[in-house]
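Fit chain B to the known structure of chain A by using the hints.
There are 2 protein chains.
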Amino acid sequence: MPLGTADRAYNLWCEQEEINMTDTMKRIVLAERPKGSPTDANFRLEESAVPTPGEGEVVVAVKYMSLDPYMRGRMDDGPSYAAPVPVGGTMEAGAVGEVIASNDPKFKPGDHAFGMFGWATHGVAAAKGLRKVNPDDAPIQTSLGVLGMPGFTAWAGMTAYSKMKAGETLVVGAATGPVGSMVGQLAKQAGLRVIGVAGGAEKCRMAVETFGFDACIDHRGKDAKAMREALAAECPDGIDIYFENVGGPTLGGVIPLLNLHARVIICGMIAWYSGESDETGSMPLQKLWRYALVKRITIQGLLQTDHVSRFGDFLREVGPKVASGEIKYAEDVAEGLENAPQAFMGLLKGKNLGKLVVKVG
Amino acid sequence: MPLGTADRAYNLWCEQEEINMTDTMKRIVLAERPKGSPTDANFRLEESAVPTPGEGEVVVAVKYMSLDPYMRGRMDDGPSYAAPVPVGGTMEAGAVGEVIASNDPKFKPGDHAFGMFGWATHGVAAAKGLRKVNPDDAPIQTSLGVLGMPGFTAWAGMTAYSKMKAGETLVVGAATGPVGSMVGQLAKQAGLRVIGVAGGAEKCRMAVETFGFDACIDHRGKDAKAMREALAAECPDGIDIYFENVGGPTLGGVIPLLNLHARVIICGMIAWYSGESDETGSMPLQKLWRYALVKRITIQGLLQTDHVSRFGDFLREVGPKVASGEIKYAEDVAEGLENAPQAFMGLLKGKNLGKLVVKVG
Numbered sequence: 001m002p003l004g005t006a007d008r009a010y011n012l013w014c015e016q017e018e019i020n021m022t023d024t025m026k027r028i029v030l031a032e033r034p035k036g037s038p039t040d041a042n043f044r045l046e047e048s049a050v051p052t053p054g055e056g057e058v059v060v061a062v063k064y065m066s067l068d069p070y071m072r073g074r075m076d077d078g079p080s081y082a083a084p085v086p087v088g089g090t091m092e093a094g095a096v097g098e099v100i101a102s103n104d105p106k107f108k109p110g111d112h113a114f115g116m117f118g119w120a121t122h123g124v125a126a127a128k129g130l131r132k133v134n135p136d137d138a139p140i141q142t143s144l145g146v147l148g149m150p151g152f153t154a155w156a157g158m159t160a161y162s163k164m165k166a167g168e169t170l171v172v173g174a175a176t177g178p179v180g181s182m183v184g185q186l187a188k189q190a191g192l193r194v195i196g197v198a199g200g201a202e203k204c205r206m207a208v209e210t211f212g213f214d215a216c217i218d219h220r221g222k223d224a225k226a227m228r229e230a231l232a233a234e235c236p237d238g239i240d241i242y243f244e245n246v247g248g249p250t251l252g253g254v255i256p257l258l259n260l261h262a263r264v265i266i267c268g269m270i271a272w273y274s275g276e277s278d279e280t281g282s283m284p285l286q287k288l289w290r291y292a293l294v295k296r297i298t299i300q301g302l303l304q305t306d307h308v309s310r311f312g313d314f315l316r317e318v319g320p321k322v323a324s325g326e327i328k329y330a331e332d333v334a335e336g337l338e339n340a341p342q343a344f345m346g347l348l349k350g351k352n353l354g355k356l357v358v359k360v361g
Numbered sequence: 001m002p003l004g005t006a007d008r009a010y011n012l013w014c015e016q017e018e019i020n021m022t023d024t025m026k027r028i029v030l031a032e033r034p035k036g037s038p039t040d041a042n043f044r045l046e047e048s049a050v051p052t053p054g055e056g057e058v059v060v061a062v063k064y065m066s067l068d069p070y071m072r073g074r075m076d077d078g079p080s081y082a083a084p085v086p087v088g089g090t091m092e093a094g095a096v097g098e099v100i101a102s103n104d105p106k107f108k109p110g111d112h113a114f115g116m117f118g119w120a121t122h123g124v125a126a127a128k129g130l131r132k133v134n135p136d137d138a139p140i141q142t143s144l145g146v147l148g149m150p151g152f153t154a155w156a157g158m159t160a161y162s163k164m165k166a167g168e169t170l171v172v173g174a175a176t177g178p179v180g181s182m183v184g185q186l187a188k189q190a191g192l193r194v195i196g197v198a199g200g201a202e203k204c205r206m207a208v209e210t211f212g213f214d215a216c217i218d219h220r221g222k223d224a225k226a227m228r229e230a231l232a233a234e235c236p237d238g239i240d241i242y243f244e245n246v247g248g249p250t251l252g253g254v255i256p257l258l259n260l261h262a263r264v265i266i267c268g269m270i271a272w273y274s275g276e277s278d279e280t281g282s283m284p285l286q287k288l289w290r291y292a293l294v295k296r297i298t299i300q301g302l303l304q305t306d307h308v309s310r311f312g313d314f315l316r317e318v319g320p321k322v323a324s325g326e327i328k329y330a331e332d333v334a335e336g337l338e339n340a341p342q343a344f345m346g347l348l349k350g351k352n353l354g355k356l357v358v359k360v361g
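These protein sequence lines map, in sequence, to chains A and B.
Per our numbering, residue 1 is the first one in the first sequence, and the count goes up by one each step.
Per our numbering, residue 1 is the first one in the second sequence, and the count goes up by one each step.
Among the hints, a few may not be true.
Part of the chain B face toward chain A, derived, beta carbon under 8 Å [stated by the list, open to error]:
| id | residue |
| --- | --- |
| 1 | 247 |
| 2 | 266 |
| 3 | 274 |
| 4 | 277 |
| 5 | 288 |
| 6 | 289 |
| 7 | 303 |
| 8 | 306 |
| 9 | 310 |
| 10 | 311 |
Result set (SDA-like, lysine to any residue): computed pairs, CA atoms no more than 25 Å apart in a straight line [said to hold, decoys possible]:
| id | chain 1 | residue 1 | chain 2 | residue 2 |
| --- | --- | --- | --- | --- |
| 11 | A | 295 | B | 163 |
| 12 | A | 165 | B | 306 |
| 13 | B | 287 | A | 220 |
| 14 | B | 165 | A | 160 |
| 15 | B | 287 | A | 165 |
| 16 | B | 163 | A | 81 |
| 17 | A | 287 | B | 279 |
| 18 | B | 328 | B | 189 |
| 19 | A | 163 | B | 308 |
| 20 | A | 295 | B | 77 |
| 21 | A | 295 | B | 308 |
| 22 | A | 295 | B | 305 |
| 23 | A | 287 | B | 86 |
Here are a few chain B residues that sit away from chain A, every Cβ distance over 12 Å (derived from the structure) [as the list claims (entries may be wrong)]:
| id | residue |
| --- | --- |
| 24 | 100 |
| 25 | 128 |
| 26 | 215 |
| 27 | 313 |
| 28 | 335 |
| 29 | 346 |
Read the hints as simulated data drawn from the structure, not as lab findings.
The beta carbon of each residue, even a glycine, is placed where N, CA and C say it ideally should be.
Extracted from the complex, chain A is given alone in its bound form (with noise of 0.2 Å):
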């Protein structure tokens, strides 16, 4: 290609809103990190100027963020498989807004993207680590749960450790959050026996009504004893998969149940993010290494970043359903930047029903 055609195309798409360089744009920091349970003051909101994009970045002005439960773990200062957020750094998330500056010929103003931009009100990012998402295809917020990372994170994990089987019975918690709800549905539609767990009445029944699970159990106040019986009820051929995004006295109620030959997909485990211990969680870990033994268990980490080769393969596969309706989806909309710590705050302890994002612009 000549040069001067190369010239063209990137003036054309070059084009920008003008950006005035007052313009100010908000993130939230971590201001200290938390002791357990993360509190008001671990978060501070900060101003500064809207950035401008230097050669190959775009500057998106945020609509939705993304709160997740692994951003728990990004603010303590330990070994993990992602680096921590510095003190003073924007706390991470996953975003979708609009481009209102691009350096870049892949985007232009007016496009939409997906990327790292953090709790923050817009983001700077190079273009190559965006995705361009299609406000047709679906709402654009889908990008951070149903059509994005956690529905990604449930159908690698699926489809690459599970290997189901019509007929057996999966177990997972978090039912009604977005891998939860997407673990489920993939394996209902597999014709697996499916129950979920979730916290309180309202969750369960949106797990049975909204994804079609064949039961859920309602975790409050059950000790691991207690989830076992409630687990062996629902479950009278025992338990052959369990996608674990909780920990817990879920897991400890489920240990005992699993069948020979049954797989655990590790990919959260919520009840301790913040330090938290229990009955389950001390369990010695002979205990588990006699069960992996006698009942020759799969227990797999997954994260989803180990798949991200497949990630167009998941948007081929799940996004038509996604727009036909045969995948659902649930959202809840936290209003405003400023109120995503208590958002977050609230995820930790499970007061969302559904995807928590928070509508930013």
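For chain B alone, coordinates are given in the frame of chain A:
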């Protein structure tokens, strides 16, 4: 085939030595269930008449019987992957011997057969459940070790679950035992760095000099922290595969060194078979769960019975390598059935060097 031909064949194979019905056999029964480590009082030697074969059965005079750690599990009356030995019942064991009477065309007197004849000088069993052993291929007692259940366990676990790749690092405990030595040799042949763990300088020397391990760590006197330090020194690139035979401080040392996407294959946990606990055994489940998620570890229980359909493949692949000396094995022979209990107690304490068998007849 006309009946006459089958009848003739039957008569031909039915030739047998005369069994004198007053001939007696010896067997060792479970006198009482052990509390913790087994003692002499848990075993009792009994005599009875040598059995005669029923329809389709053969009688074998045992030459060698196997002693393996799994037998400790059979002495307890708890849930496991196999039923316990009843009190008063013959202790379970694989054994190989000479057919002395046959009511089945598959075997004739003088043939050698492997079967689950137990701790006994003679056994009777249905011919269809027995495996013919050819003394010209390899010494018959290899059917109890390198070419029997332990060797097959190692091969089945490694081929099914290890996903081993050249350049990776594997750690295996009970390194000079029939499972560990096969695991290590298979991994060496595939180009891995192989670090053994064993009890005592003599075993460690054998792991390196006989079996070709890159190094072997003496676990004696080491707690989990000391094991971790010793393992870290020999595994500069971390641990990709841990083949678990032992539990205890070895496991405690391994866990923090597991790499991203490491595989842990749980085959046994000899350090914990008699109800012992230790720092690693009481490690909180919560901690393991976090490692499994952060490092996306695969933990897989292994039992060879799940893989029996591949036993022929194993013999075809490994048999010639044993015959050629490409795969080495080591044997520790105890003399006489009456010494089996002492030899077994020694096995649980790691006193044997190589595969422990009892020369019975």
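Tested hints:
1. Interface restraint check for residue 247/B: the shortest CB-CB distance to chain A comes to about 6 Å, inside 8 Å, so the restraint holds.
2. Interface restraint check for residue 266/B: the shortest CB-CB distance to chain A comes to about 5 Å, inside 8 Å, so the restraint holds.
3. Annotation: residue 274/B was flagged as interfacial toward chain A, and the flag is violated, the nearest CB pair being 12 Å apart, outside 8 Å.
4. For residue 277/B, the interface hint holds, the least distance from its beta-carbon to any beta-carbon of chain A being 6 Å, beneath 8 Å.
5. With its C-beta approaching chain A no nearer than about 6 Å, residue 288/B sits inside the 8 Å limit, and its interface hint holds.
6. The beta carbon of residue 289/B is positioned within 8 Å of a beta carbon in chain A (closest approach about 6 Å), and the interface hint is therefore held.
7. Interface hint status for residue 303/B: upheld, as the beta-carbon distance to the closest one in chain A is roughly 5 Å, under 8 Å.
8. Taking 8 Å as the C-beta cut-off, the interface hint given for residue 306/B holds, the closest approach to chain A being about 6 Å.
9. Because the smallest distance between the Cβ of residue 310/B and any Cβ of chain A comes to about 15 Å, over 8 Å, the interface hint for this residue is violated.
10. Below 8 Å, beta-carbon pairs count as interface contacts, and residue 311/B has none with chain A, the closest being about 17 Å; its hint is therefore violated.
11. Distance check on the hinted pair: residue 295/A and residue 163/B sit about 21 Å apart at the alpha-carbon level, within 25 Å; holds.
12. This hinted pair checks out: residue 165/A and residue 306/B have alpha carbons roughly 18 Å apart, not beyond 25 Å.
13. Of the supplied pair hints, the one linking residue 287/B and residue 220/A holds, its CA atoms being roughly 24 Å apart against a limit of 25 Å.
14. Between residue 165/B and residue 160/A, the direct Cα distance comes to roughly 20 Å. Compliance with the 25 Å bound is thereby established for this hinted pair.
15. For the proposed pair residue 287/B and residue 165/A, the alpha carbon gap of about 31 Å is over 25 Å, so the pair is violated.
16. Taking the CA atoms of residue 163/B and residue 81/A, the gap is near 22 Å; set against the 25 Å cutoff, the hint holds.
17. For the proposed pair residue 287/A and residue 279/B, the alpha carbon gap of about 13 Å is at most 25 Å, so the pair holds.
18. Between residue 328/B and residue 189/B, the direct Cα distance comes to roughly 12 Å. Compliance with the 25 Å bound is thereby established for this hinted pair.
19. With a C-alpha separation of about 21 Å, the suggested pair residue 163/A and residue 308/B falls inside the 25 Å cut-off, and the hint holds.
20. Under the criterion of a C-alpha separation no larger than 25 Å, the hint pairing residue 295/A with residue 77/B is consistent with the structure, at around 17 Å.
21. A threshold of 25 Å between alpha carbons decides the hint, and for residue 295/A with residue 308/B the separation of about 17 Å falls inside it, so the pair holds.
22. Using a Cα cut-off of 25 Å, the hinted pair residue 295/A and residue 305/B holds, with the two alpha carbons roughly 12 Å apart.
23. Distance restraint check for residue 287/A and residue 86/B: the Cα-Cα separation of roughly 24 Å lies within the 25 Å cut-off, and the hinted pair is therefore satisfied.
24. Annotated as non-interface, residue 100/B keeps its C-beta farther than 12 Å from every C-beta of chain A; the closest such distance is 37 Å.
25. Residue-level check passed: residue 128/B sits 25 Å from the nearest beta carbon of chain A, beyond 12 Å.
26. The claim that residue 215/B is not at the interface with chain A holds, since no C-beta of that chain comes within 12 Å of its own (minimum 25 Å).
27. Against the 12 Å criterion, residue 313/B stays outside the reach of chain A, whose nearest CB is about 20 Å from its own CB.
28. The beta carbon of residue 335/B sits about 32 Å from the closest Cβ of chain A, which is more than 12 Å, so the claim that it is off the interface holds.
29. Chain A leaves residue 346/B outside its interface by the beta-carbon criterion, the shortest separation being 23 Å against a cut-off of 12 Å.
Against the hints set out earlier in the document, violations occur for numbers 3, 9, 10, 15.
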